[in-house]
Amino acid sequence: MRLQYPSNIKIVSVPCTGKIDLIYLLKSFEKGADGVYVLGCIEGECRFGTGNLRARKRVMQAQKILDSIGIGGDRVQMYNLSSSEGPRFAEFAAEMTNKIRELGPNPIKRFREKLAA
Amino acid sequence: MIIAEKKPIEEVIEMVKDFRKILIVGCNECVTVCEAGGKREVAVLASSLRMYFMNQGKDTQIDEVTLERQCDREYLEEIRNRIEQYDVVISLACGVGVQFLAETYSRFPVYPGVNTCFMGVTEERGVWSERCQGCGQCILGSTGGICPISRCAKRLLNGPCGGSTKGKCEISKDLDCAWQLIIDRLKELDRLDEYEQIAPIKDWSTERAGGPRRVVREDVRQ
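Chains A and B supply the protein sequences, listed in that same order.
FYI, the numbering for the first sequence is 1 to 117, going by the numbering used here.
FYI, the numbering for the second sequence is 1 to 222, going by the numbering used here.
Next comes chain B alone, as it looks inside the complex (with noise of 0.2 Å):
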């Protein structure tokens, strides 16, 4: 899933002190999971931001919706009657549902109330670690099911670097060295000796160096 972060609540009073009836939109899905712009988090937004501005003497309308999902139409469609009657949107969802909001209702000024870290996982509550960068050309399937264009800090393909000290890597003492674990993976499997084939040169063009990127499906369009 998506992993997010709530903003400071700083930032976004700042962004909306000066509104007067804003719309806090949350999303049912990933951010929800990892508890940074599910229902729970507009309605702690929402109240935040109410007694805010009645400590600031200033009338303000604040009123919160959870949509199962921002980055469908079909959902942000839910939400078409209403919206007129706000100057501003936060979209607590992420990156990619504050900008298809935006883009959906691009009169109304839409602000993100979350960071948008990275695709990871839930370690445990309230630990996420990131576990792949979308790169468009999957790996895995030779590399034990670890990825180490997410998980290794030079995105090695071919063995750990010179930095990989007792099954840590170079950058931090936390942090698993990818190969470490790939080599422990391979051995577990009794796959080894496809660890000793070379990898040929990525095409990164399908990744984010190939600039934004598209799927199109012509099977499945309508």
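Only chain A is shown next, with the shape it has when bound in the complex (with noise of 0.2 Å):
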């Protein structure tokens, strides 16, 4: 298909998203992301029965969390896809950049910058 998609986005792969436990995605925004989405198997359709409900259901306690500590719970959010669709993986990675670029940069980094300076 060569389809483009935003070459910000870093991939993590994992067997299944039932494998993405909370501290893995509070971990990236503490190290400096400035958004992460889960992409997930189509509801219903996880080979594992409920990986990807599992996934949103951690999803959305970090975005709690993002929101009460006032990082963005905007910044975290589940999508989800067949293997088979190639262009909706560029849709929401197109969409997901930017909503984040709407969001700006995770405010930690601010922080990080002055200690390092």
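Please note: incorrect hints may appear among the correct ones.
To be verified - In the PhoX-like style, the derived pairs of lysine-lysine whose C-alpha atoms are separated by at most 25 Å in a straight line are:
| id | chain 1 | residue 1 | chain 2 | residue 2 |
| --- | --- | --- | --- | --- |
| 1 | B | Lys-6 | A | Lys-64 |
| 2 | A | Lys-109 | B | Lys-6 |
| 3 | A | Lys-114 | B | Lys-58 |
| 4 | B | Lys-58 | A | Lys-64 |
| 5 | A | Lys-27 | B | Lys-173 |
| 6 | A | Lys-114 | B | Lys-7 |
| 7 | B | Lys-21 | A | Lys-114 |
| 8 | A | Lys-27 | B | Lys-17 |
| 9 | A | Lys-19 | A | Lys-114 |
| 10 | B | Lys-6 | B | Lys-39 |
| 11 | B | Lys-17 | B | Lys-7 |
| 12 | B | Lys-7 | A | Lys-64 |
Source of the hints: derived by calculation from the structure; they are not laboratory data.
Taking the hints as your guide, dock the two standalone chains into a single complex.
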């Protein structure tokens, strides 16, 4: 397909989105990620039954925490697609990138830069 | 086990926002099983607090440790050498652990990171319910293994009240009437004649009403 999607996205592969623990999402932000999105299989079509449903709940937990501490829950999102939907993959990548551009950089980066200076 | 719930992050922040060196201490027992204060919850709280303080522009050190138990001195001793480095401790153990930690290290402010709820069971992941109130005088032998003290809203000892409807308690349609459960169980065990026996007045002095309690066993005491 040779589809284009924003080059600023780093892909972290996991065997199933059910592997994604809440702490993985939080650590990404702690280390300076501006946004994180989880791409899981279509709901109801998880090979392991409930992996993507668990991931959705963990994304919701992360959103709540990020809202509470002033980082912004919108920076973490869950999307679902099947492995054959290349165009959707590129669409979600662009959508998330635009959303994060609107929100601006992760606010804790300012602190890290200040410490480094 | 003892069931606890995580305190809202805002409440924890309010307690420790003026400190600069924070140690979060988890417990590997009950609160790990009920997903409120184990190693994972310690990591989540630590990460959340680190980000909160960084966002506020404050350089705050937040470290993590999870002890086997916080209700035994031997495990609390494991942090004796490192606790000196901190201004404050957040304990994610139940109220018992928080108190024992505070008692052991009385020079340090200790704050609770969870709300301790009750002694109960895991019905399914994410659902816990009460089973025991520690009344100090167990009557489960005569009630078919179902406790009317913890599971009946009125703690009745001789059958259901008038509020029992279709097996449910009057305080909630989702709550089983404990006495209905007891009668059904005794019927199943073919022991319904025991239901007819009047339970004597319970000695509540062994319950919380008798003041803080203590068990001393001279046969094992050192």
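So, going through the hints one by one against the coordinates:
no., hint, result
1, Lys-6/B - Lys-64/A, "holds (13 Å)"
2, Lys-109/A - Lys-6/B, "violated (28 Å)"
3, Lys-114/A - Lys-58/B, "holds (11 Å)"
4, Lys-58/B - Lys-64/A, "holds (22 Å)"
5, Lys-27/A - Lys-173/B, "violated (42 Å)"
6, Lys-114/A - Lys-7/B, "violated (31 Å)"
7, Lys-21/B - Lys-114/A, "holds (20 Å)"
8, Lys-27/A - Lys-17/B, "holds (21 Å)"
9, Lys-19/A - Lys-114/A, "violated (34 Å)"
10, Lys-6/B - Lys-39/B, "holds (13 Å)"
11, Lys-17/B - Lys-7/B, "holds (15 Å)"
12, Lys-7/B - Lys-64/A, "holds (13 Å)"
Checked against the numbered hints given earlier, this structure breaks hints 2, 5, 6, 9; the rest are met.
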